[in-house]
Every structure is written in structure tokens, then in C-alpha cells.
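J.: Sequence:
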Amino acid sequence: MNSPKPYHPFAEVVLVACACLAWLPPLAGQDTTESDSSAGTQSQSAPAIKDKSLPVIETVGPVVHLLESQNGDLVPVPDLQYEDFMELIKIREGLSPATLPASFSVQNIEAEGSVQRGKATLQVRIQVVTHQQDWVRIPLGLNEAHMLEPLEHENAFMVFEPEGEGFVCYLESQPHQRHELKLAVAVPVSRIGPESRLVLNLPRVPHSHLRLKVPESQINATVSADALLKEEIRTSEDGQSIIEANGIGGPFQLSWRRDRPRQEKRRMVFEAKGNILVNVRGLNRVTSEARLRLRSFGRPLSRVRVRIPAASRLMPGSRSIGYTLEEIPSDVEAGEANEGQLVEVRFEDKSMTPPEVRLLTETVKESIGLAQSFDVSRFEVLGAAQQSGYIALASGSDVYPEWDLTAAIRQVNELPETFQSENVLAGFRYFRQPSSLKLRVVPRQSRISIEPYYILRVEADRVHLEATFNTTIRGARASFLNIEMSDWEILDLGPANVINKNSHVSERTSPLIVPLERGSGSNFQLVVKAVHRITSTDDSRQVRVKLPQPLVSTLQTASVAIVPEDNIALAALPAEMVGLIPDPAPIVPEKLQKRRQRTVFYRGTNDSAPPLFVADFDVRKRSVTVRIESIADLREERVQVQQKLHYQIEHESIHQLNLKFAELPGENLPLKVQLDGQPTSAFLFAVSQNESNPEQQAELYVTLPKERKGDVMLTIEYERPWSECLTKAGDGLDVPLFVPGQEPVSEHELQIRSGSPGGVIVADDRWTIDDPAEMKTPDQSLLALSSPGTADSVQLDFGPVTQEKRGKTVVEAAWVQTWVSDELRQDRASFYLQSRNSNLQIRMPSGVNLTDTIVKLDGQSVTAIREKQDLLEIRLPSSRPQESNLVELWYSFNGHRNAFGEMRVQLPQIENAQWTRQIYWQLVLPRREFLVDFPTGWTPEFNRQWNTLFVGRNTNFTADLESEMKVSWRGLPRARWLTNQYLFTCYADMKPIKVRTISQRTALLVFGGCALVAGLLVIRVPQFRHPLVLLIGAMMFLTFVAVNPEVAALIAQGAVVGLVMAFLGSLIQWFILWRNRGEGIVNGSTASLIERFGTDFHRVVKDDEQLGSTRTSAGSVPDSQSV
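If you count the sequence shown from 1, position 495 lands on 495 in our numbering, and the numbers rise without skipping.
There may be inaccurate statements among the hints.
Derived CB-CB ranges, DEER-like [claimed, not checked]:
| # | residue 1 | residue 2 | range |
| --- | --- | --- | --- |
| 1 | 134 | 69 | 36 to 44 Å |
| 2 | 157 | 416 | 18 to 26 Å |
| 3 | 193 | 295 | 57 to 65 Å |
| 4 | 1061 | 1039 | 22 to 30 Å |
| 5 | 418 | 349 | 21 to 29 Å |
| 6 | 75 | 134 | 42 to 50 Å |
| 7 | 418 | 321 | 38 to 46 Å |
| 8 | 349 | 443 | 19 to 27 Å |
| 9 | 489 | 646 | 37 to 45 Å |
The set of hints was computed from the structure by calculation and includes no laboratory data.
A quick note: this is a predicted structure, and the numbers were derived from the prediction, not measured.
Quick reminder that beta carbons are idealized off the backbone N, C-alpha and C, glycines included.
My request is simple: use the sequences and hints to build the entire structure.
T.: Quick look at the structure:
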């Protein structure tokens, strides 16, 4: 079925153009073409020309046809020939080959089948790629074929055009879609005499292939000129011949016929291809390995003869599987002795392609000279029609071959893969035999290149050398290496795989002859370790060493690293050094990167003289400093001590650590010693201090596993019962500590941990308390001490336990909160104390309402006895002396609070309190009230934060104090979150406090007014705008800020309002002057507006307006304009 054709507007354009031509005026060209028309008319009508008297009838062109359009109108169409009309129709229908793109392409055709009973049954597979979306017409040819089966495709059908293009396939497809058409056809086979012929007509494609099985054997086949027949016609297992051909597109013809039996030729035709490896073993010996592959083109091969190079012999081991070798004696009379030995190869089985032949030969020259000549390429297979192959030339490291080429041999760059694993120097290819490749073998010279790297370690009496020679040997192998080392004593040579173990190394060092191992290779490292003795007096110590100098052909730039020991101070002398300059970018080995002293690097200058290093040096003595960190834990009725001694050892190493212990420990002292975190052994001995002091002490000896320098950490742990640490009076503890025996101690830090929250008292002048306030936790306290010297013990006292303090009260911490509102004041006081008394007396401030006072002891409410008007007495429970108690008081004051200003605060006091360690006083003011005068002798403990538009001071230590002192929580008024809080601390007695407060309104009024007055003075009075006055004012304000920053911040907040008002005033003044800039002088006043605001403002008047004098007559300005 035909699909609708695409519409082409080009045909419509052509028709319209022709219609326009038809309507052109016919007279436009009559005058100019009259003669031509007459001539044409006369030529066409001969009778008319003859008879001039008759009228001439002419046809006026062009001929116009009237065609009906789609609208039914008649349109004139110019006269066209039939061919032109059909061309326009094809353009409209899209059938013009000039404009129609290829709609399909046939990629591949595969045909396979067999010939039976005069016909060939073929299975044809055609691969098609379509290029447009529509039905595609694909002519397939096969005019002589008959379809055996329908076409196997869903969207395609076949038609046959007997007078056209044969079978045509119509295929519905998409653009760039692949299809495979499978056809089963039968093609007749014609026979003319003994020859059979098959004719096909298929489309021409890039690739086409035919495989046809013919029921005949031993045949010859031919194809048409455009096709290509496979050379070999194979025979199947059933005796049929298989013919294969490529390029069967277009008219294709295949003919075949039975081959005539030929008489076997007497001469055999075969070829030989060889791969020959020639290895030069020395000056007078060359070995060759030839691999020959034979292929016969006639009858099978059973034996061949091979002539090997002259003066060569067949080596044992040449036999292989599938053939045998036999040497044929040379015919001396025929002159074959100089041509080379003949070797006959007999194959076990006759074959067209016999096994590969492997021949090993050796050529030895008896004469010894500097150069020997060999001919190595001749491996001639006698009788071979063609001989070719490759020759690979390999050589050892001791000799080098040179070659001469003939016409039959040329040098190549690529060789077969069989030679890739060999040490090949050059490759050749030969094209016939016999051929000649002559080699001339000469000795190879050794070229040694060394890059030295010297590491010199300078000690007090010697210099150790570690020289690394990076050696590269080119050419012949070197057996020895000579190094000039006249100033050195050899200690070691290595590594072992480089030095020849069977050779003796001489003790002579000028030069040092180093025997090399044969398997050391061409690139290796030689390491030489040597020592140089320094002979110098104590007054003048100088090191002068000459570096080793390898005696080789190429000596690269040497690198030198000078590494002084930690106890050596080295000063190089560049003026006396030879062949060495500083190296700005040295190569630092990994073993030199972690050094305590700086390593100095030099590089050689490649002078002929050996490099010489010269430097002055000095030997430093050992320096050891110790820093000790100790922890003494006094809990659980035992003293547990842990000490970490950090040793800093400089210049010289040490092998043993010696420590002292202040007392002679018992026999069962559990002692644990660790060195850098690892357990180590230690020995504790009892020794007598001196004759004047017979008291015993102990010494601890710790032996290090090896000599150490740098940082060493020694950890010692032990514990003792309290009974062994009590003082002689029995009222304290004396805790002994380990200290170094002779080394100075730079710092000794000690932490005392006790189980009592009340802490401990240090009764030892050798120790200093780092932080006066103990770091307490709910179950223990921590006291940090430090000692600048070697304090070997610490004496501790538990306060109320001593006889002097027996019956007294010690207040560990006191915390008083003062809450002040607009009308009243109330306080909360907490005392953390130790007392051996049964009763506790507290003196309350004057004005306290004792009837409403709440008293708690250790969190429990108790009843207080009022002895006097302001004295309360609390009964304490019976407990052990070391136990601490917490006393809490809540009380308020009678009467109303005074106005803002000065305020005196009296704190409660513990009667007969021997010591109050620390006092906290917290003042809580309303949100709009601030403290401007801090109490004398008290330290502020608060931070600042923004409160609305002002900075407030709030403490964040309230919860910490409550947790530390274990006070019971009591709900606070809601106003707490809208207050200003101040926290102070002191270490003196609880004396009366005098402070001063100010309200927010007063601060704004006073400070803002002052700022406003100051701003107006600066604006109105020129003297206040003087830079000196402004500088003095700024310096005074900054000084006040440095002295009292809190009050300065409050003043700054209040002054903002005044400064803003002053700024607004200046803006109003400027605006008035600007508005009245053209009115001149104000009438009705003795002073004009300009006078009232100062003479400095005359600059606002326009340049063209002259004000004149500030005093004028009253009539200068009308009364209606007066101000």
C-alpha cells in the first residue's frame, strides 16, 4: 500500500511564477524581436516565403493552457514540455533524487547455504538502517531467486517487480532504527560442461559474505571481478567443499569445477622463517639460538638440511620433541669446510607445517686480541624457496659488539615478542639466505658515577663519619672501587650484598680499595663508617677533617651534614674550609630531623682537592633540671602520695637517677616506680645524713635501661598510714616527699586532697598557697601549693584539732545576702564553720526583728535562744571535732528604709570566732537603683549585662555558693529577676559596710543635665571649643573611667540624654539661622539675632547680602517683620 506523500510548496511556487509570465504584455518585445520573429516564421513556412503576396499567419506565443484551481477558477499556465511537467510533479511529490535524502542504508548481507539437485538453497540475512519515519521502499534484487518462506518481520512485506528491481521490501520504521531481514530463497545453478555456475543480484553494501557448501571435492572456484574468493577451499567431514567469498553485492557470479589430477612434482616448494638470538658472551665467544618455522606448499616435509654459521658448532641440548638432529660431515674437497656445518633435521611425521626447529650453536675464537670478528646470521635452510626472519643481538656488560650490514639485512626498531625478555642491544631483519651479519667485539669500559652524602657526628674527642656513596656503573662491571680516606680509621663497610665477601679489605686507606660483589648491579649504595681522632689541647679545641674522595670518572656534588652532639658547641671557620659552601636547600635524612641541636649542611664545590671541614668547638657539661608534680590524698585514714618528676637532661646523657626521701620508711612501704609510663625497678637504701644530724633518711636509685637525654618522666607512688605521718606533738601531719638528690628543682607543685570540706591548714613556710580559696567539692577539698626549692616534706594542720585552737570556732566561709526594696530590707546569712563548743552565739545587726528570725542548722530548723537584745544562741549537736556545721539565718529590719543615698549595712558576727577565712556579701537592689560607691576593703565579684536600656550588674555565683556551702534553697521573690545584684568578697572581719546608691531617675537628671550644660557651653562659648580644653576634658574623663569604670559606665548612660538634647538644640539654632538668612537684622531689639547666637554664625548669610553693623536704625525693618 502507498502512503501519502509529503507536501512540497516548491511546485506551487513554480506554477504561480509560470502564471505571472503568461500575463505579461505581448507587445513589450515585439519591436526588438521583429526581425527574429520574421526569420523564424519564414524558416518554418517555406510556401509562405515563396509567395510574398499571400498574407502571413503567425502564432503569437507563448501558448497558454487554462487549468482549474482549487477554488474553481481558471488559471493560465504557460506551455511546458512533458519532461518539465513530470519534473515538477516529482518535486511536489518528493520523488526528485536531487532533493530526496537517502531513506535507508544496507549495512551487511550474510548468505549461507548448500547446492543440491541443481539449485542453491540460501539463508540470507540483510541488516538495514532506516533514516526517516514512514514507509521505506528497499529494493533487494534477487531477480533469479524464488522465495521459500514468507518474510520474517512484523512491519514489512515483500513485492516482486519482474521488469524492475526484483524483490522490493516495504518497511515501516522510525529514524535511525536497525532491522534484520531474514530470507529463505532458492537460486538455480546452471551447469556448462564440467563447470557449475551460480548467479546472484544483491544490493552493494560495505560488507557481504557468502558461504556455500558444494557436494564435490577437490574443486577450483572463481568469482566475478568485484568479489574476493577465499584462497583455501576447505573440505567438510562429509567430503563436501566449502566455498567462501566476500563482496557479493551487485551482479555476482560464482563458478566451480572439479580439479584435474596433477602429477606430483619432484621438487618441493616451502618457506622458512626464523628468529635468531645472538648473545655475545665475551671477547672470543658467541652463542646463537635459532628458531626456524617451516611451511610447505607442495607435499609434506619429512626432512630438511640447515647450514649453520662458519666456525660454529652445534651445542648439546638442541634436541627437541618431534624431530632429530644429525651433523653431516663437510666435503673438504668441495670447499664446504669454510661455509659452515650442515645439520640434517628429520621429522618424526610428515607434515605441511612441521614442528619448530630449535638450534643452539657456539662460536669460539682461540686467538686472544683486543677485537674479535664473528659472522652470526647464516642459518640457511637448503632448498627453501623463501627465507626471512629476525635477528636479536644481546651482549654482556664486559664487552660491546659493533656490526656491519649487507644488502640482505637491515636494522629494525621492533622485534617479535619472543625477544622482549632478553637484554637486547639491537635488532635486525634478513630477507634471504645465505646472509652475512659480521660482528666485531671490543672490550667495554666502566664509567662510574658517585654522589656522596657525608654525615659527621662531632664528639668531644672524635668525629664519627657515615658516608653514603650513591653509585651508578655504566659499561663493564667494576670489581673494585677506590676511595681516598687518608685521615680516617675504617670501622665498617656495607651493605653485605655489595661487598665481596671472598675478597680481603686492606687496612690501607690511601686509597681504600673496596671489593664489589658481582651481583651488586649497576645502581647501589655503598656505606662506609669511619672515625677520626681529635688531638687538641684544652685551651684550643679545633676539629679539622678531610672528607673522603672517591677516585672515579664522574664525581657529583657532595652533600655534608655536620651533627654536633648535645654537649658540643661548634663554630665553623669558613675561611679555612676548602671545597665546602653552605647549602640553603639541603636534603635532610629522616634520622637527622629530630635533633636537639641544629644540624649544619654544606655542599661540595667539585674542586679537585678533597673537601676540608674546619671548626672550633667547646665541650659543655651536663645540665639537669627537674620539675615535680605531687598529689597528697589524705582521705580514708591513709596518706597516698603520687609524684611525677619531669627531668630535662641537656648536653650529656645519664644512666641513673638518684632521689632522696626525708624519712626512713618502714619495711613494708608499698612503692611503685614507673619510667615514662612503664614499670621499672628501683632500689631504696637507708643512709645517714651527716655526722652532726644523726637522723636517718633514704635514697632511691633508678637505673635507666639505656642512657637518656632530653625529657624523662619518673612516676613514684606510695601510701602510709596516718600514724606514721603524725608530728611529734600529735596535732598535725608531716608528709615526706621524694626529691632529686643533686639536681636542682625548678618548680614543685603540690595538691592536697582531704575528705573534709573544711579543708586543711598548711603549717610549712616552705610552701606557698597558689589560690587562697580552696577548690571544694561536696565530698572533698583541693588545696594547690607550690615551692620554689627542694622541699622534701609538707606539714599540715587541721585547724580546730590543735591545742591552741581547742574550744574556738573557725568560720570556713560566710555568705550574707542583703535584699533592699523601696520600703524595707531583709537579709539571709549562711556560715560554714567548725566549732568544739556546744553552744554558738551570733551577734545580730541593730534593728533586726528577732521574733521573725528563722534559724537553720545543717538544713534543719532550730530554736534560737535570745540572751540579749541583739544576741542569739544556738545549741550545737555533739560530734567529732573535725565535723563542720552549716548555720543559716533569715531576718528582716523594723521600720521603713531611708531614701536613696548613703546606706550602712551591719553584718551578723559569730562570737569568739578565732578565724573567718572568707566572707561573701551580696547586695540586691531594685532594677531602677544603682550602686555608685563600693565598700572599702571588698573585692567585686560580679559581671555586667544589659538591663533594658542600661547596663546592670548581676552575679552568676549565687547557685555555685549555695551548692558549695550546701545551704537549703528558699524560694525568692519574683522581683529577683528584675534587680541589680552586686557580689563582694573579703578575707577580713565582718565590719560594718558603707555604700551609696542612686536611682535611675536621679542619674538621668543629674548626669543628663550636666551633659546638656556641657554641650551648650561647647556650642555657645568659643573658649570651650578650644582643642586644649577638649583634650583636657577627654583626659579627665578617661582617667575617671580607668579609676572607677562602673560609675563611669553609669555616667555615660545618663549623659546620653543630655548630649542628644544639646545636639537637637544646635540643629534648631542652625535651622533658625538658615530660615532667616535673607531677612537681615531683626528690628525691635538692641541686639540682633546674630548677636544673640554669637558672631561665629555670620557665615550663613549670602555673599551678596551685606549685613553691615550689628546695630542699625529702627526703621530698617518694618514692624510687621520684627521677631
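J.: Output the indices of the hints that this structure fails to meet, ascending.
T.: Those not satisfied are hints 1, 2, 3, 6, 7 and 8.
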